[in-house]
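Colleague: From just these sequences and the hints, can you work out the full model?
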Amino acid sequence: MSRFSLLFLVGIALILQSTVLHFVQVAGVKPDLILVLVVIHAILNGPRKGAFLGFMAGLLQDLLTGYFVGLNAISKALIGGLVGLGQYNIYKDNVLIIGVIGFGATLGAEAINYFLLLVLGVEIALREVLLRLLIPLGFYNAAVTVLVFRPYYHHISNKNMLRHL
Amino acid sequence: MPRTRLIKVIVAAVLVFATIGVMHLTAPERGNITRTEGTARDVLSYVQAGATTAGEQITRGLKLLFSWGNSDKIARLEKQIRQLRGQITVLKEYKLENEHLRRLLDYQSTFGQQWETEVAQVIARDPGNWFDVIRLNKGKADGVRANMPVVVPAGLVGCVIQVSEHSCDVRLITDPLSGVGALAQQSRTPGVVKGVLNSPHRLKLVYISKDDPIAKFEQVVTSGLGSIFPKGIPIGKIVNIREEPSGLTKTAEIEPYVDFNNLEEVIIIVSSRPGG
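As given, the protein sequences belong to chains H and C, one line each in that order. Heads up, the first sequence is in the numbering used here, so the first residue is 1 and it goes up one at a time. Heads up, the second sequence is in the numbering used here, so the first residue is 166 and it goes up one at a time.
There are no misleading hints in this set.
Restraint-style ranges between C-beta atoms, simulated for each label pair:
1) C:246 to H:153: 40 to 50 Å
2) H:48 to C:256: 51 to 61 Å
3) H:158 to C:256: 44 to 54 Å
Below, simulated DMTMM-like cross-link-like pairs (lysine to aspartate or glutamate); rule was C-alpha separation at most 20 Å, straight line:
4) C:369 to H:123
5) C:260 to C:221
6) C:369 to H:128
7) C:415 to H:128
In case anyone wonders, no lab produced these hints; they're calculated from the structure. Note that the coordinates shown come from a computational prediction; the quantities given were computed from them, not determined experimentally. C-beta atoms are modelled at their ideal positions from N, C-alpha and C, and glycine is treated no differently.
Modeller: Structure follows, in structure tokens:
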């Protein structure tokens with residue numbers, strides 16, 4: 001996928017997250033489309049590209065909100081890099097594996113955010129974070145990752161096949 | 166460790182520490198933002214306003230669709246009835262919107278003598294799940310400044326934390342970082358109202374002394390302490406009281422009067438009129 005297409009997707013995801021996704025909240029949380037995009041990109045393109053997209057998309061998200069600039073850049077870059085390490089080991093046709101990766105990546109990213117916020121002096125009870133953020137968001141993001149991954153993967157595979165013909 | 170790898174690790178560590186430094190400098194309390202940030206935010210706020218309106222219209226459309234039913238084989242009259250019901254839903258929506266705007270106007274005319282106010286529209290929300298922050302379509306050009314209280318006729322909404330030329334960010338009282346000086350109206354018990362992560366229907370009143378005679382169903386209002394929120398703005402009612410494990414203080418659960426999931430227009434208290 002070209003850089004322009006990726007930037008376009010990140011922009012759309014950011015606008016959706018700050019506007020209409022509020023209307024589809026489940027258990028008080030809305031899906032993190034940027035993280036889903038980073039995870040999928042990392043699975044298909046490896047750690048370097050995953051981390052780079054994570055950093056840039058996270059930074060854009062931070063700049064949009066205007067406070068704690070760098071919070072999402074760090075967490076999403078780390079998760080993009082970590083998930084990307086499994087590029088050649090992940091069986092991409094197994095929906096369950098993709099869902100588990102989406103769930104784990106969300107837990108990881110939000111745990112990093114929690115730690116960074118603690119470093120900055122922002123204290124939120126761990127129980128609240130677990131029950132009202134990590135677990136519901138983990139399941140929600142896992143479902144969205146599964147839904148988005150297949151069409152995205154097939155689109156990329158078809159494009160690559162056409163290129164080799 | 167090979168030299169190139171060591172350099173990479175050092176560069177990554179420096180990057181992480183530099184980013185943490187930037188995070189520290191850009192904590193929400195800074196109030197004023199840079200001109201570049203402000204311009205970018207104002208440009209984007211038009212796109213966000215459009216997307217929010219589109220979202221509201223889609224929600225409205227879906228409501229209408231569901232009121233029509235989903236079977237194609239229903240009789241013509243039945244279909245007509247459903248269509249009419251759909252129209253009634255839309256009209257009810259307009260009626261509610263009308264009532265909502267009328268209440269805002271009434272509120273403004275009632276409290277206009279006490280406070281100078283500015284009505285603003287909610288155009289976006291924080292894209293993440295950690296903080297409850299909304300963006301409004303009024304900014305410095307409309308006289309909005311950081312730390313101004315924001316209300317709706319039902320009660321307290323939050324306070325302005327950052328302002329650009331044509332938009333501002335408001336931290337809702339449901340945000341876990343929010344803290345509002347408050348008191349239980351009947352028993353005059355003071356405390357601090359704090360938000361609970363991702364819980365728009367729950368707040369907590371903390372730092373209540375163990376011996377204070379606070380009771381269930383008491384109303385909680387702002388105490389006026391802390392110089393941001395005027396005294397007497399309703400917040401919610403107490404639905405549960407529990408003792409803290411330390412045994413020294415109590416915490417009360419509050420059900421807020423404001424429906425934070427459906428905020429469309431809000432009122433910014435731009436200034437208090439002396440003697441009002």
